[in-house]
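Going by this note's numbering, the sequence shown opens with residue 89, and the numbers climb by one from there.
Among the hints, erroneous ones may be present.
Claimed, not checked - SDA-like, lysine to any residue: derived pairs with alpha carbons at most 20 Å apart: (1) K282 - A240; (2) K527 - A542; (3) K527 - Q565.
Everything labelled a hint here was simulated from the structure, so no lab data went into it. Note that the structure is a prediction, hence the values are computed from the model and not measured.
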Amino acid sequence: MATQRKPTSKKRITTKKKLAAPAGSLGPIKAPGTPQSYRARVRMYRHGLGDCFLLTFPRPGRVPFQMLIDCGALARDAKAMTAVVEHIRDTAKDGQDRARLDVVVGTHEHKDHLSGFNQARKVFNDDIDFGAVWMSWAENLSQADARKLKEAKKVAKAKLEMALSSSFAGAAPLAGVSELLGFTNDDDSIEGKKVADAVAYLKLRGKEAQDLRFLEPGSEPFVEKELPGFRFYVLGPPRDPRFLKTSAITQQMKKDDVIYHLSRMGTAGLDSLGAAVAPGGEGDELCHPFAAEHRIARPVAGQSRTYFAEIQPFVDATYDKPSEAWRRIDEDWLSAFGQLALDLDNDTNNTSLVLAIECIQTRDILLFPADAQVGNWQSWATVNFQVPNRTTPCPAHELLGRTVFYKVGHHCSHNATLKAGGLELMTKDNLVAFIPLDKATASKQGKTGWDMPATPLFNALRAKTKERVVISDVNEQPSAEALQAGVIATPGYIDYFLR
89 MATQRKPTSK
99 KRITTKKKLA
109 APAGSLGPIK
119 APGTPQSYRA
129 RVRMYRHGLG
139 DCFLLTFPRP
149 GRVPFQMLID
159 CGALARDAKA
169 MTAVVEHIRD
179 TAKDGQDRAR
189 LDVVVGTHEH
199 KDHLSGFNQA
209 RKVFNDDIDF
219 GAVWMSWAEN
229 LSQADARKLK
239 EAKKVAKAKL
249 EMALSSSFAG
259 AAPLAGVSEL
269 LGFTNDDDSI
279 EGKKVADAVA
289 YLKLRGKEAQ
299 DLRFLEPGSE
309 PFVEKELPGF
319 RFYVLGPPRD
329 PRFLKTSAIT
339 QQMKKDDVIY
349 HLSRMGTAGL
359 DSLGAAVAPG
369 GEGDELCHPF
379 AAEHRIARPV
389 AGQSRTYFAE
399 IQPFVDATYD
409 KPSEAWRRID
419 EDWLSAFGQL
429 ALDLDNDTNN
439 TSLVLAIECI
449 QTRDILLFPA
459 DAQVGNWQSW
469 ATVNFQVPNR
479 TTPCPAHELL
489 GRTVFYKVGH
499 HCSHNATLKA
509 GGLELMTKDN
519 LVAFIPLDKA
529 TASKQGKTGW
539 DMPATPLFNA
549 LRAKTKERVV
559 ISDVNEQPSA
569 EALQAGVIAT
579 PGYIDYFLR
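All chains should be built: construct the whole structure from the sequences, respecting the hints.
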């Protein structure tokens, strides 16, 4: 069982108030209109802002091969996620006494991808067998690189939590930090489990199944013994730290689509931030731009400040005047914590496991990049695969050219699908794109809401797919073009079929 954290009286860090389960049934196990035969079915659940994909591969004379890629959501309670997992269980049973997921994939340590493994833990434990668990190399703590990444995240989280529990917690520059931190550190209200507990649980289930794999980019493509008609390629996450830490899009990148910006706070900056919000001690001095001998301190409870009293009228009429508040910079330095939270979030996204699944007979590709951001995508230009019965290596970019199904990265955010080296390479006439997105939840995040779907990218997807872009939001219905391509929607999920 995953490591349990003891309840604490410390204020919990949460994203948003959790919403109740979506109204209505998730739909039948088999959607009306499902074709008699197909090579693969991709089921996208309509459970909120998060990824939960069940892939079904029919096998003649046998139960289908079932593969679950992530199971999580933001702002969804245990009831909602349990309903989703129960539907997955019933689908995977396929007339058998117990459900079996032949492969379970945990792409990266974010709540909107893994919360269901905490919230519906009882259903997973009691009713569902795991055949194998796949994760990225970044979760393999027997390797030094993975341990270094984990330690860096741990230090960054500690600094952010320190800021949120300090006297500066209510400061405007810290607004939104708790939401971003919640992606990796949120309490799921189920026995105090954190997102890290979901990762530990998946590792445990993989070990119990005697098939826990940490996948490497560019490793030899493999075919599962129980699924001989499909080949799996691992494109990311990259090993090169330059790619792992590249997420920002600069003006130059917008201009030529190939240049990216790397900006990160070093160890010294982290240490200074932590010391600056530490209660008492020398750290307090780091909050002030001038040395003590050049400052006139404000009075505090139980103490008087002789010199401050002399300038009180002036301060009241100028510095503390409400109409002049916009000019004050007392807390502007705290915005560095917001950048740190963004860096932590983006870096975790860039550790996403990226899979391309090839139907060997048709050579068609199903692409699942999780939340991979620009650095992860950029790294694929150097990834090549040694494929059996092929004399030359297969470039990762060739796989993009054969992609017929694209799970749009990071809920269609602006920096999670490249143009050059990405979408422009997807040239198949029958391309379909699925976006796991709940617009209402996205609109409530941060100060002004998240720009999802990002309009320029969404329009590019519409053009590339000839309007075959499908959003999981229950208030969005598939286009006529998507329906003509065989997409089927129910209240609880949307199906795509590879013929």
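Verification of the hints:
| no. | hint | result |
| --- | --- | --- |
| 1 | K282 - A240 | 18 Å, holds |
| 2 | K527 - A542 | 11 Å, holds |
| 3 | K527 - Q565 | 13 Å, holds |
Going through the hint list in order, the structure satisfies each hint without exception.
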